[in-house]
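Produce the entire structure from the sequences given, and follow the hints as far as they go.
Numbering-wise, the working numbering puts 94 at position 38 of the sequence shown, and it's gapless, one number per residue.
Don't take each hint at face value.
Said to hold, decoys possible - Quick list of simulated restraints, FRET-style, between CB atoms:
{"no.": "1", "residue 1": "D122", "residue 2": "I88", "range": "15 to 21 angstroms"}
{"no.": "2", "residue 1": "D131", "residue 2": "Q163", "range": "44 to 50 angstroms"}
{"no.": "3", "residue 1": "S146", "residue 2": "G99", "range": "18 to 24 angstroms"}
Simulated from the structure, these hints should not be mistaken for laboratory data.
Heads up, the beta-carbon is just placed ideally off N, CA and C, and yes, glycines get one too.
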Amino acid sequence: MCLDVRKAGQGSKERPLALLQEAVHLHLLGEIAVAHPAVRNSGPAGDTVAVACQVEGEQLERALNDLEVSNPDFDASFEALSGALLDHASAQQRDEFPLLRRYVTTQRLHMMAGAMRDARIMAATD
57 MCLDVRKAGQ
67 GSKERPLALL
77 QEAVHLHLLG
87 EIAVAHPAVR
97 NSGPAGDTVA
107 VACQVEGEQL
117 ERALNDLEVS
127 NPDFDASFEA
137 LSGALLDHAS
147 AQQRDEFPLL
157 RRYVTTQRLH
167 MMAGAMRDAR
177 IMAATD
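The following block contains the structure:
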């Protein structure tokens with residue numbers, strides 16, 4: 057989705073940016089409802105890791121929503137922010153996923169994946 061924003065012409069970035077903003081928002085809602093609570097209960101570092109990931113995700117969402125396509129610095133700002141989004145996803149894979157794999161059963165992980173999909177679908181239809 058970041059690539060769609062980058063590739064869009066100067067006059068047509070609004071729509072792909074709005075789609076990215078919505079996707080990030082729905083993803084974060086799923087994390088807040090499902091993933092972060094499970095991480096908090098996963099080992100001694102779980103709470104610290106979950107809170108850090110949630111705070112960072114919320115900051116990135118705010119920064120993404122603050123972007124203005126009409127701003128002359130949009131492309132540079134978006135490039136930095138899209139890099140930060142990728143870094144955030146990498147940090148989650150590095151910090152949260154190992155805790156979930158270690159402390160949460162496979163059956164529960166599958167249930168969580170379904171619950172995250174459900175949370176995103178329900179939020180998208182509100």
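Consistency of the hints with the structure:
Our hint of 15 to 21 angstroms for D122 and I88 holds, since their Cβ atoms are close to 20 angstroms apart. Judged by the Cβ atoms, the range 44 to 50 angstroms given for D131 and Q163 holds: they are separated by roughly 45 angstroms. Evaluation of the 18 to 24 angstroms hint for S146 and G99 yields a pass: the beta carbon distance comes to about 20 angstroms.
Every hint from the earlier list agrees with this structure, and none is contradicted.
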